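For reference, each letter of the sequence shown is one residue, going 1381 to 1635 in the working numbering.
Bear in mind the hints are in silico, worked out from the structure with no lab data behind them.
Here the structure is a predicted model, which is why all the values come from computation and not from measurement.
From the three backbone atoms N, C-alpha and C, an ideal C-beta is built for every residue, glycine too.
One should not assume that every hint holds.
Unchecked claim - Below, a list of computed lysine to aspartate or glutamate pairs in the EDC-like style, where the Cα atoms sit at most 20 Å apart:
# : residue 1 : residue 2
1 : K1527     : D1542
2 : K1632     : D1535
3 : K1626     : E1466
4 : K1532     : D1542
5 : K1532     : E1466
6 : K1532     : E1603
What the hints assert, rightly or not - Here are the in silico distance ranges between beta carbons for each label pair:
#  : residue 1 : residue 2 : range
7  : K1527     : T1504     : 17 to 23 Å
8  : E1581     : V1500     : 34 to 40 Å
9  : E1634     : V1501     : 38 to 44 Å
10 : D1567     : Q1506     : 20 to 26 Å
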Amino acid sequence: MNLQNVLSRNGHTVILFICLMGLTGIGCDARQAMSESAESTSEESSEPKSDLADGTDSQANETVPGQQQDTESGQQNVKAIESKEELATFGAGCFWCVEAVLERIDGVHDVTSGYMGGSVVNPTYQAVCTGTTGHAEVIQAHFDPTKLSYEKLLDYFWRLHDPTTLNRQGADVGTQYRSAIYFHSDDQQTIAEASKRKWDESGGFADRIVTEITAAGVYYLAEEYHQDYYRRNPDQGYCRVVIRPKLEKFDKLEK
């Protein structure tokens, strides 16, 4: 029986497997098997999302700043940012978890999962998982700064993961899981650096924060089956054991 068949089953087998592999991460191979299983059973449209990335990385196949690459079609897709919107791009470990939390925040209009910070054009999930492309798993959020400031959004960012572990979140190990803030303007850079200092000096973490703060490069939208993963697969083992407790913790913090 192959791994994908085991993971596609609902129930105790999946939960036991995840517990054995570690509650905060299960590794790319197992996650890939689960995502492929979810993709094969999903009734969602297979049309890729179109989004806007304020990228400045000139190495990615003549990609123009303000455009993104779609990792499934290889096409550049453009979506205008609404007049009141800003972009925020964060790396905080597995993008399934981060996306699920940020989607619940008032003032965040849209969240997508993707890749940034690497040297390979149009990377696939499998390639990023090897750790050789240089990309981080990231989310890109469209948010309304009149309702939610970038500083406040960063406060959520620091709390939803461990920014003190280098290239690691729980059992997920590799440069693709690094903690990172990719700024889209000079103002965002200034705010991000000040926020990092504030949280480093707050005593909220036992160790020093190792989060990198870097100018945004080309944003590659992850494969369609990664988008809205928790919403599409709420009863899948990883979602029940890893993501749902994060959401419950977030809801308590918001009360």
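**OP:** Determine which of the earlier numbered hints do not hold for this structure and return their numbers in increasing order.
**Re:** Violated: hints 1, 3, 6, 7, 10.
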